[in-house]
Structures are given as C-alpha cells and as structure tokens.
Amino acid sequence: MADVGIAMVDNRPAEITLQPLKERRWRVYAGRLVLVALWLGSWEVAGTYWIDPFFYSKPSLIWQKLVDWFTEGTSYGSIWLQISYTLQEAVYGFALGAIVGVVLGVVLGRSRFLSDVLAPFIKAANAIPRIVLASLFVIWFGFGMSSKVATAFVLVFFGVFFNAFQGAREVPKVIDDNSRILGASRLQMMRTVVLPSATSWILASLHTAFGFALIGAIVGEYTGADKGLGMLIAHSQGTFDSAGIYAAMIIMTALALLAEAVLTLVERRLTRWQPR
Amino acid sequence: MTQTTSAIRLQRATKVFPAAGGGTFTAMREVTLDVAPGEFVTVVGPTGCGKSTTLALISGLEPASAGEVAVAGTPVTGIPGNVGYMFQQDATLPWRTVVDNVALGLRYRGVPKAEARERAQEWVDRVGLRGFEKYYPHQLSGGMRKRVAMAQTLITEPQILLLDEPFGALDVQTRELMQAELLRLWAGTGAAVVFVTHDLTEAIALADRVVVMTAAPATIKSIVPVTLPRPRDVEAIRLDPAFLDLYREVWDSLREEVEIARERGARRG
Chain X
848 MADVGIAMVD NRPAEITLQP LKERRWRVYA GRLVLVALWL GSWEVAGTYW IDPFFYSKPS
908 LIWQKLVDWF TEGTSYGSIW LQISYTLQEA VYGFALGAIV GVVLGVVLGR SRFLSDVLAP
968 FIKAANAIPR IVLASLFVIW FGFGMSSKVA TAFVLVFFGV FFNAFQGARE VPKVIDDNSR
1028 ILGASRLQMM RTVVLPSATS WILASLHTAF GFALIGAIVG EYTGADKGLG MLIAHSQGTF
1088 DSAGIYAAMI IMTALALLAE AVLTLVERRL TRWQPR
Chain H
-15 MTQTTSAIRL QRATKVFPAA GGGTFTAMRE VTLDVAPGEF VTVVGPTGCG KSTTLALISG
45 LEPASAGEVA VAGTPVTGIP GNVGYMFQQD ATLPWRTVVD NVALGLRYRG VPKAEARERA
105 QEWVDRVGLR GFEKYYPHQL SGGMRKRVAM AQTLITEPQI LLLDEPFGAL DVQTRELMQA
165 ELLRLWAGTG AAVVFVTHDL TEAIALADRV VVMTAAPATI KSIVPVTLPR PRDVEAIRLD
225 PAFLDLYREV WDSLREEVEI ARERGARRG
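Protein chains in written order, with our numbering: chain X, 848 to 1123; chain H, -15 to 253.
Since the hints were derived computationally from the structure, they do not count as laboratory data.
A hint or two may mislead.
Negatives, chain X to chain H, calculated, CB over 10 Å [stated by the list, open to error]:
#1 Pro867
#2 Leu868
#3 Arg872
#4 Asp899
#5 Glu919
#6 Tyr923
#7 Ser993
#8 Asp1024
#9 Gln1035
#10 Val1040
#11 Gly1058
#12 Gly1085
#13 Ala1103
#14 Leu1104
So, partial list: chain X residues that the calculated Cβ filter (under 7 Å) puts toward chain H [claimed, not checked]:
#15 Val1021
#16 Ile1022
#17 Asn1025
#18 Ile1028
#19 Leu1029
Note that CB positions come from ideal geometry on N, CA and C, so glycine has one too.
Work the whole structure out from these sequences, hints included.
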C-alpha cells in the first residue's frame, strides 16, 4: 500500500548530541542547589547577625518548628490532624467545584440560548471578590468543615466553568457534523464528542483549580475555624510566631506540589490520544 | 409502485444565508436534480460557487430556504438515517482508535460494543488498515485517515452517499488510489452517490453523470452523461479517446463560469 508509512527518521549522529545533554542537566540541578544554598544561607546569617529573627525568623528556627510539629504536635493537636482537615476541605471543595463547573460549562457551552440568557449573571458573579464570601460562609455554615468547603468550591467553580464552556464551544464544526450524520443523539454527542474535546481545556483549569481549592480552605480557616493549617497560621500571627507561619506555608506548598503531581498523572492517562 | 422513487430529489431547492453585512447571500438557486438508486453523480463548479450547499441540504445539516428536498421519497426535515457523508477535512475523532472510530456509527445506533467492534474490524480490513486498528488518527498518514473516514461512513451501509471533495487534500497518487478504492467499495451497494469535486478528471472518471454548476448563486448549468463502461480503471481511463471528448464537453461548459468567478474574485481583491 502506497500511503502506509509513519516512521520518523532521525539523522542526527547520536553520540555527538547525547553527552552534552546529560552534562547540561547536571549543571541545571547544580545551579538550583547553589541558588537554594545561597538563599537559605544568607537568610540564616542575616537572621543571626543583622536582622531580628523575631520578625523575620530564619531557616533554622523554621526547621525547628517543623520538627516540633511533627514530633510533639501543635498546641491544637497532632499536625497530621490539621493537614488532613485542610486537605479534606480542599479535596471536597475541588471535587464539587470541578464537577459542577464541568457539567454547567459543557451544558451552557452547547446551548447558545441558555448561555445568552445567563451571560450577564455569570459575569457579575465572577466579578465578586469571592474571598469575601468566606466571611459569609462562616456565618451560614459555622466554624466546621462545610464553610471551608464552600469557600474552596466558589474559588474552583469559576475557573473550571469558563474553561469547560470554552472547550465545549470549540468542538470543530466538521467533527460535530460528522457525528450527527453518523446518528449521535444529544447525549451521545456530549459523551463521545463534546466532553473528550473539552478535556484538554478542562484539565488545564484543574491544575490551577487545586491550588485555588487549597487557598479557599486556608482562607476559610483563617476567617474562623477550630482546626486546620489556616487556623495554625492565624494562631501564629496572633502570637507573633513568624516561624510558625513559614512552617505552615512550607507544608501547604508541599501539599500543592503533591496534588499537582497526581493531576499530571491523571492528565497523562486521559490524553493518551494526543500527539506528544 | 409503478415507478421507482428517486434516491435523491431536489425540486427548485434554494438556500439563502444571512451575509456578514446584514444582507443575504444566495448560495444556491432553484436547483432541480434527481438521482436514481445506484447512480453516481459528480458535481463540478467554480471555486466557492455553493456546490457543497447541495450536500448540506440533502444531508439535512442545513434546511432548504425554499423548494423541496427528498431522500428516498421522504422530505428531509432532520438528518435522514440512511445517509453517509464524507467531508473534505478530517472528521475522525482524535481521541478514538481506528477501530473505535469505524465502529462509531454502529455504537450510535445502539449495536452492542462487542458486535460493533467485530464488524468495525471487518471494515478496517476491507479498507486495507489491518494492523493499524489500535492507532490513533494523529499516528496515521493523510491517506490512511481518509481510509478510516471511508470505513466509518460505509459501515452503516448508507443508501445515500455524499462526498465533499473527500480526496482534495491528498497527493495525486494517493488520490487515484482512493478513487479506485471508493469505486470498489461502492460497486454493488446500490447506493446513490453525490460527489462534489473541482477536479474534472476525477469527476468524469467516477461518474454516471457530471453536473456542471454556475458561479454563485449555484444553479445547474448542464448535465453531461458519462457512458464509459464499468468497472473502470481510474488511472487508465484518462487515456481513452471517449474520455477526452467528455473532458472537452464538461470543460467548455465550465470555462465561462470559472471566468465569471475569477473576474468577481479579481474585483473583490
């Protein structure tokens, strides 16, 4: 058959390009290590000799704080309890926001009438500084987990919604027509064409959305809570414990990076069909 | 029934689109055409004349603004179930493998997954893609993707087959190969075919009748019957003296329209 042939031909001489590449990668790692050492070292030295560590803290104090939290626990109970609380709030808020965002985004993306009717309301809702809602949610839902889930939800929802909406809009016309000719019902169309087509858009939004969910949970806790990392930060602030704020910040960063890694795995699995 | 029903019947079919400036644009005016079951009709015309609009009306993707469109004796209101449509651009689902793309029409019609897969595999073999069933479209060449589209269209055994410059983007050799494949797969199905193209050689080599359209708005300028015997060898047939006579006849009819379209293009540019 004449038109069968997908081999890629790489004519570059392999020995010449490979060695410098590997070497370069080590140099990148080494550069990063030097940067971190310089940063932490200068901070430590400055904190010891010139600036007041009471206000600015220093790496050794932050490290001590982390060790304390993980070995002896915080003044509000085990650090793992705080982490699991914040994480649960973020995950629930993320899941709810993502599901509702995708469903509404895709439905509105496919219905010009509905989206025309709702457009001004959605724009207005998106313009609200949503962090403020955290205060309202504490009044509505109390100091427990649900007010934080609600805050995480509103932060996640809009990002996911707008991307799903755009993704559903951008189904190529020819693919849309072809599937209709092949006999797809509205529901089949959604499942086999619109959702997969919008997947890359949706996944792109989910990456930032988990970060937003964490922010939502923490701001919620900051506003009023009896457990969680945000509450630890609020408490550290109240007691002028700057090392505690940094320590909680480091834990949150680690959580966000971990979630990012999980999402990247999921993304790989869902977009196997895309050229890489 | 004393008289056979036309597979496709257009009666003074007209299509008007809203234009960008707020006015209207008539893509197609009062086209009357009957296509019998098992007949292969090709449509040629100057670029941008509205040839494809004919297919959009027959397939039900666009409603006619005036006149009648009927498929197998039934007026077209939605998309008829017995229509197949091959597009100029790639219309395969990039997130489905070859075999799942081919099975799509059956799955939409409620055929169980295992059976649909099995029948799709037969079609994959038939279009010469055995061994590539697990590939995704982006891993295939343009010609192979056309084979997928062909199998995807034909698996539902459409009685009406609409093709909109399906091989336009292929290189000449692959195009001729695909033309031969199409004739081979179509032979004996009894499907009525409307094939839109701007390539006169292709139009004559494939058709029972060549319909020449005017510059926009598209109306039928002339219809040239092609009496060359079937089965045809699309590569060898071009050297046939009868083929050359037909080519001259179609070209004479088309030339004026092409000139009109060119002049308009020049004035606009």
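A quick look at each hint next to the structure:
1. Pro867: holds, 31 Å
2. Leu868: holds, 26 Å
3. Arg872: For Arg872(X), whose nearest Cβ neighbour in chain H is about 29 Å away, the distance exceeds 10 Å, so it holds.
4. Asp899: holds, 58 Å
5. Glu919: At about 51 Å from chain H, Glu919(X) clears the 10 Å cut-off, so the statement holds.
6. Tyr923: Consistent with the label, Tyr923(X) stays out of reach of chain H, its closest Cβ about 48 Å off (over 10 Å).
7. Ser993: holds, 37 Å
8. Asp1024: violated, 6 Å
9. Gln1035: violated, 6 Å
10. Val1040: violated, 7 Å
11. Gly1058: Gly1058(X) clear of chain H: closest Cβ-Cβ about 27 Å, beyond 10 Å.
12. Gly1085: For Gly1085(X), whose nearest Cβ neighbour in chain H is about 52 Å away, the distance exceeds 10 Å, so it holds.
13. Ala1103: holds, 29 Å
14. Leu1104: holds, 29 Å
15. Val1021: Val1021(X) check passes; min Cβ-Cβ to chain H is 5 Å, inside 7 Å.
16. Ile1022: Because about 6 Å separates Ile1022(X) from the closest Cβ in chain H, which is inside the 7 Å limit, the hint holds.
17. Asn1025: Hint holds; Asn1025(X) Cβ to chain H Cβ min 4 Å, cut 7 Å.
18. Ile1028: holds, 4 Å
19. Leu1029: holds, 4 Å
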